[in-house]
Amino acid sequence: MTAISLGAKKVKNRRPANSFLSALPWIGPAILLILLVVVWPAVELIRISLTKITSAGVLEGFNGLGNYKLLFENPDLKTIAIRTVVWVLSVVFLTVIISLPLAQLINQSFPGRKFVRWAMIVPWAASVVMTSIIWKWMLELTSGEFNLTLRQLGIQHGQPVDWLRDPRFSFFVLIWVAVFVSIPFTTFVILAGLQSIPHDIIEAAQVDGASAWQVYRGIKFPLLRNSLLIATIINLINVFNSFPIIWALTRGGPGYNTDTTTTFAYKMAFVEYNMGPSTALGVINFGFIMLIVLVYLRVTKATRDQA
Amino acid sequence: MSRKVKKDKVKFIWTPKKAATAISAYMVGIFFIYPYLNMLLTSLKPHGELYATPTTRLPKSWQFSNYLDVWSKAPVGNFLRASIVVSVCATLLVLLVSVPAAYYVARNRFKGRSAFLLLVLATQMFSPTALIIGIFREVKFFGQLDTWPALIVVNAGFNLAFAVWLLSGFFSSVPVEIEEAAMVDGCTRFQALRRIVLPVTLPGLVTAVIFTFVSTWNEFTVALTIISSPARQPISTGITTFVGQYDVAWEYLFTTTAIAIIPVVILFISIEKYLVGGLTAGSVK
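In the order they appear, the protein sequences are chains A and B.
In terms of this note's numbering, the first sequence opens at residue 1 and continues consecutively.
In terms of this note's numbering, the second sequence opens at residue 1 and continues consecutively.
The following block holds chain A by itself, in its conformation from the complex:
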């Protein structure tokens, strides 16, 4: 797939640039849809965060930073913010670290490779909520696959562990499920990167006597830098936004024990009807994503211009 470049140099037409107006019949509907579905809600979110709003959603005039003040007075916010950082970093880190060797593995040739790749697509294609609910069942106290296996292996005796309700484990279980659903996409991005490495470079190195590890470390890994970067950035955003896993497995509970800023904002708005601080947190979440998007645009711009 050739990337299209942002600059005009790749466009084959040598005619002078058309006016924006002549493009409008073609790209206007797309712009309209983006304005309606992305820009409007973003503006509305920011506007409400600066407005006094009742639990019923009635607006009562400009409120300055009142909602933000309320948000930062919330005693639970600090823990939730720290947990969010831990959540995002650990899920993304584990995902990338596990996906690297997996991509290498499914890039080898062996009989049935197609089926292994298909199997790895399943968690990517399946709904995340449904996958989370399946894990909820597998982690069930007495009949769940997980405890059953531990019992049969003789690792667990006596009282089984309630993985999702035990505060010592529930957060790690969420991290685990998030890593599970993030690996397939990440592995396929890295696999695409591996497949784009020209064979002759690798063969040349092999002829020169490089070991498999030297080829990987010295040639493949540096050439994967771009795929890794893209996969990491997209995962950062996805994991930060990841609402269905936490909602389906623990609802952020018990209490706020497994909430991230994303589920916390949702909970305040639609469970506790505490709209004001929720919109303030929503804006902060949105700002964080904007930041990563800007990094992404910078990173991909370089590639797009090379192409």
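Where hints are given, some of them may not hold.
Chain B stretches covered by chain A per the calculated footprint, using a threshold of three residues with CB under 8 Å from any CB of chain A [claimed, not checked]:
1. 74 to 86
2. 95 to 104
Some chain B residues near chain A, calculated using beta-carbon distances under 10 Å [said to hold, decoys possible]:
3. 92
4. 127
5. 129
6. 157
7. 214
Hints were generated in silico from the structure; no laboratory data involved.
From the three backbone atoms N, C-alpha and C, an ideal C-beta is built for every residue, glycine too.
Position chain B against the provided structure of chain A, taking the given hints into account.
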């Protein structure tokens, strides 16, 4: 895009090293489908076996009738109808909007082209989750809470970027000369597009269609927030109604998820080779 021409089929020779590679790959494959196998097996158990001790992995009596009974035990038909209507309409809307945009961007220079592409790329990165309160209030403003059109438009908006990026890549791969030749031969621009360009870009269109369909099918947060009546729930939020109950009917829950998951997995597998290019805006080939 073009796959390497298949090398002459070399007969695979088993060596201990290759066997180790193959076996670890099979284990990885099994690992990733295991939860879904567990789902299928549980969906075939009678209710009494769910919590029976000792627990067994395979059903003792295979209750295939679960797949018939579930339709009357839960409004699965309604869920599926909602999901199909919303996903099909969102997909059509995405096509209608993205094809002209992608084509024009691939073929023309115009003022604001870079800005437009940046806007599209930025929206691809946003998920509706971060904007959910804004989306909720906007939908309410238009009086469309608890309606399918709201769900359709929001899903179309967030899937537009994938389609525009993927399709403009395909459109740029058709040499403009072929198209111009057709126009010299008396085709209108639209005819040239329909007869020359669309057939070549068909894999891109199929990918865009399937991707939008599947991601709308799986969308959870927006549906949870704006659809409140059980009769209008799509399957992604509909299934959660099983979970809240005191005695979860896991066997019916899993027949429903199996019905929802299997078709989209097959669809996704069919577009495997184009997925990464569309999702990473072509920056990973």
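For this session: Count the residues of the stretch 95 to 104 of chain B whose CB lies closer than 8 Å to any CB of chain A, then report whether that count reaches three.
Result: Held - the stretch 95 to 104 of chain B has 7 residues with a Cβ nearer than 8 Å to chain A, which meets the minimum of three.
For this session: Mind checking the CB of residue 127 of chain B against every CB in chain A and telling me if the closest is under 10 Å?
Result: holds (4 Å)
For this session: Using Cβ atoms only, decide whether residue 214 of chain B comes closer than 10 Å to chain A, and label the hint accordingly.
Result: Residue 214 of chain B check passes; min Cβ-Cβ to chain A is 6 Å, inside 10 Å.
Exercise. Should the interface hint for residue 92 of chain B be scored as holding, given a Cβ-Cβ cut-off of 10 Å against chain A?
Worked result: With a closest approach of 13 Å, the residue 92 of chain B hint is violated.
Problem set entry | residue 157 of chain B as chain A interface residue, shortest Cβ-Cβ below 10 Å | holds (3 Å)
Exercise. Per the CB criterion, is residue 129 of chain B less than 10 Å away from chain A?
Worked result: holds (4 Å)
Exercise. Against chain A, does the stretch 74 to 86 of chain B show at least 3 residues with beta-carbon separation below 8 Å?
Worked result: violated (count 0)
When the structure is compared with the earlier hints, violations turn up for hints 1, 3 and for no others.
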